[in-house]
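Trainee: If you read the protein sequences in the order shown, they are chains A and B. Just so you know, we're using this note's numbering here: the first sequence kicks off at 1 and counts up by one. Just so you know, we're using this note's numbering here: the second sequence kicks off at 1 and counts up by one.
Quick caveat, the hints were computed from the structure, so don't treat them as lab data. Mixed in with the good hints, there may be bad ones.
[Said to hold, decoys possible] The following label-pair restraints were derived from C-beta to C-beta distances:
no., chain 1, residue 1, chain 2, residue 2, range
1, A, S94, B, P512, 55 to 63 Å
2, B, P512, A, P130, 22 to 30 Å
3, A, Y31, B, D416, 26 to 34 Å
4, A, W45, B, P512, 40 to 48 Å
5, B, D416, A, K50, 44 to 52 Å
6, B, K625, A, S114, 53 to 61 Å
7, A, V264, B, Y690, 44 to 52 Å
8, A, L12, B, V420, 40 to 48 Å
9, A, G14, B, K625, 30 to 38 Å
10, B, S417, A, A115, 34 to 42 Å
11, B, D234, A, A110, 55 to 63 Å
12, B, D416, A, P108, 26 to 34 Å
Cβ coordinates follow ideal geometry from the N, Cα and C atoms, glycine included.
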Amino acid sequence: MNRPKKWFLLALPGLLGFALVYIVPFFESTYYSFLSDIFSKVFVWFTNYKKVIGNVYFRLATRNTAVFLVAGCFAVMLISVIVSYCLLLSFRNSSIIKGIMLIPFLIPSAAVVSAWTKVFNPIYFSYKIPDRGVGVFLAQVPILAIFIWKNCGLIIIIINTAMQRVPDEITEASKLDGAGALKRLTRIILPVIRPNLFFALMLTMTESLKIYKDCYLYYKTDYPPEGAYFLQNYMNNHFAKLDYELLTTATVIFVIVVGAVVGVFYHRQSEGRFCD
Amino acid sequence: MNKLILTVCLILIVLWLGSCSKTEHEPQADNVAGNDYFSQNTKMATLDVRNIYYQSERVIDVMDIRRDGSMVFTSMGESGARFTGSLKNGEERIKPTDLFIGFIKYFTDEESIITYNAELEQLELRDYDMELQRVLVEDFHSFEIKDIILKGNKAYILNVKDNPYEEEFHDIESDEGDGYVDYGERMYCLDLKTGEMTDTGITNVITLCDSSDSYFYLYTHQGEHYQISVYEPDKDKIVHTVQMDEAGYLFSVAVVGDRLYFTSMNFEGICSMDMTTKEIRTEVGDVTTYRQCDFDVIDDSLIFLDRQSMSVITLCTSNGSLSSGRKTAGIENEESDVVIGYMDAYNIPFSIAELESKSGMKIGSYSSPKLSDSGFYEKMLIKLMAGDRDVDVFILGTSGSYGAKLCQDGVCLPLDSSDVISTDNSKYFDYISEFFKTSSGKIWGIPLLTDIYVLAGFPENINSAGMGEESLTDFSSMLSAIDVNNITEGIFIPGDYYGYELLCNYTSNNKPVDYDTDLFRRYMKSMWDGWTMYGDYGYENHPLLGKAYKYADKSETGDQHIAAVENRLLVDRNTTLFNMVSESDMLNYPDIFNEAEVIPMPLLSDSYKQIVHVNLVAVINPYGKNKDKAIKLLESLSELIRENGTNGLIYKDITNYGQGFDTESEVFRGLYQIRENAIVAESGIVGDIYTNEIPAYQRGEIDLDTAIKSVQRKEDAYRNE
């Protein structure tokens, strides 16, 4: 019975800090989202929510963010798993390779974006891609490339490290049973490292939500092409316009949606782990 | 093995980080150890006390300080004239004068000062009542006197004879890349007894620096090297030189003990260098000085003018201090009645001291030392929105996207409770009055600075060039008239400024803005087609406006050019047709403009209204600690601004204009007529269009339809998101 108490006491400073820096401001923001504005402070219930949800640009931003999140996370995870497995097979435990992998993550966005504008001409992606249908998502291609390039290295390190911890006995035994490299990956290694994959996925999702800076640097405008207008653009523009009530409303909706998605993932992951 | 490599790497990183400090360099071999020229006043080797000596109510241009703590200065005043003043213990000693004083300096220990009379182009000796004692030198042409050093009967003058912006000069980034800019400085020697002026022949002098001994120092750039030299007046020559490439281009220099104190473009704040080891360290970080006369050394103190806060600050050792005259002003605002937040002293169109005197309140300022210039308004607004209580009155611009929130939704304290402000508001032109009311009709602020662009022209020259005044009704007819009549000189309209103004005018006259119109297409084609380049204020590149402009050196950048034009507005009365100028220029330079006629700016359509830019407003923080006092202060400020006339022509009734205006003049009447029927400018996404679509279109990377489609998409998002 003493154990939980002890752990709680140890975690208390962290929890307090988290509450102070994240939870309290979030509840304050939630309060603002029910006000007409922060000066008159007239309580307007869900008016701001109706306004934000009904706004075509909020919906556009949400759609684009969701598309980017799915595409970005899928691409990063897929590439990372493949590269990690290749590394595992060929350069097991190479710290130099790992160091190199980290470099893109450490380079400042301004330098990264500047280099990528040489690869993807901003004029083409700003003005010459289709402005309707699926073609609008072409505007996300350069941002996606920057995102993949920046984040793959870190995720590869996480996954590769996890793969290295899979006991050799299991893989050796499967080899004797005639399992090929692909089968070993899909049937043994990935199920074993599922918690690590979940962590990597969460990290990738978090990073994908921070892509605004790169998007802004690439397109150099508050209003990028339709397909690259993300939720952060919507929020930042309202911040610049001092529409804090709309900004906080969008934030609350965003947190609820992201919380729900993460919750579902976490639940699935927990179920899987318990089954194992 | 891995651990070993890691350890070695860590050591290397630590060593590298330790060696790359910006302000510390390895000792150099070519030192001047033991040199007597650099060993005076060693007490000041360490400066560790900072005192605010005096906080100026004016923007100081040139400053000189005496040993007794009194200060003499020239300052920028209204209408471009310069006033001089002097203070001792904060009290004025010398009567202000309306003489155009270009430089001022205390004359040794006598009760007199040396002034450069810029109008008569002569160096003069004046008493403290500013009465002329005698003329030291006549016909002394100077664009800028950078410093004067007095040694016995000789005055050494560092002079820039001609306007360097009119000559080809070295660009900071070009040539050897060491940052040296040759402004044409030359050192002259004046015999104060005989009045004989001799050219020492020493050029490339960046600054002069006095010493308490018989010699003084010159900081120069010779043979691709920066160096500090010791000049012996008795021998009339340089007797010692030390290479100073480590320090680079310096603005202000003082030599104390074996250390060189300086401000430079390469280092922030005031730094000092050990002349022996060449080690550099930062003494004070958050200050700005950029002229040699901003530095003074008295006893064991370095006194300097911080141009961010317009404060004279003393640096001294913990034991040493100025013997008299020092007072500590409340930069921390602890004793102030009201705190005003503004960008810097240059930014506000009134003097804090005048406002203090008018309101009877002690004003604290919350300016650049606490908030850097970059993103100043945004930072102030964030403070405002976050409910910060530090600042009572904010002085802000309205051009950003936050402007709408300020104006329409009233994030500031309503001012309707003040009869003075309400009455003032009712006196404004209706469109100004409405602009300062929220959507619910409450007054949210007062205007401090408004402006409008017009053409200042000479109708007879316009007619004789074949253009005719009717061709200035809109921009198409103007360009067409320039083209048809093959005008090759006499018109100054910077294409990029004009293009921006037209775009602002278009968005302000059309709400919601529809860019897919013939008018906008015509604007894009006429204004932006055919330019050879963009981005360097390329006014000369516009096919027609550039051709019609023949005044200045084409190598000038836009800003230099504008400054040059302001200095010699309508310099050539015979060939000038018209210049694009601001209302404030026309009002501030009546002598230059009294012959010119005010012509409304040709717009995209003759049915469009001219736009007034509301550049600066004062608002009250609803969370401020002293709201009642802040309202009283705004009442005084409103009155002061009206008297000074810096808020532009905003009153309906001509009798409301203060003494600063000649309401009978043609210029005033012309401007007033334009103001009567104008609207307030709204920039919206103009800045975005200007940095994205227009350059892309101009470079031929996108066609007109694509540009219009993109601009319209941004406009829709801006309005509807």
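Trainee: Hint by hint, say whether it matches the structure.
Mentor: Comparing the hints with the structure gives:
Take S94 (chain A) and P512 (chain B): their Cβ atoms lie about 60 Å apart, and the range 55 to 63 Å holds. P512 (chain B) and P130 (chain A) have their C-beta atoms about 25 Å apart, which keeps the hinted 22 to 30 Å range intact. Hint check: Y31 (chain A) to D416 (chain B), Cβ distance near 28 Å, so the stated range 26 to 34 Å holds. In this structure the hint that W45 (chain A) and P512 (chain B) lie 40 to 48 Å apart at CB is violated, the actual value being about 29 Å.
The supplied range of 44 to 52 Å is broken by D416 (chain B) and K50 (chain A), whose beta-carbon atoms lie about 31 Å from each other. For the pair K625 (chain B) and S114 (chain A), the beta carbons lie near 46 Å from each other, so the given range of 53 to 61 Å is not met. In this structure the supplied range 44 to 52 Å holds for V264 (chain A) paired with Y690 (chain B), their Cβ-Cβ distance being about 46 Å. Checked against the hint of 40 to 48 Å, the C-beta distance between L12 (chain A) and V420 (chain B) comes to roughly 56 Å, which is inconsistent with it.
Between G14 (chain A) and K625 (chain B) the CB atoms are about 36 Å apart, so this pair conforms to the stated range of 30 to 38 Å. For S417 (chain B) and A115 (chain A), the hinted distance range of 34 to 42 Å is not satisfied, since their beta carbons lie about 57 Å from each other. Take D234 (chain B) and A110 (chain A): their Cβ atoms lie about 56 Å apart, and the range 55 to 63 Å holds. Checked against the given bound of 26 to 34 Å, the beta carbons of D416 (chain B) and P108 (chain A), roughly 49 Å apart, lie outside it.
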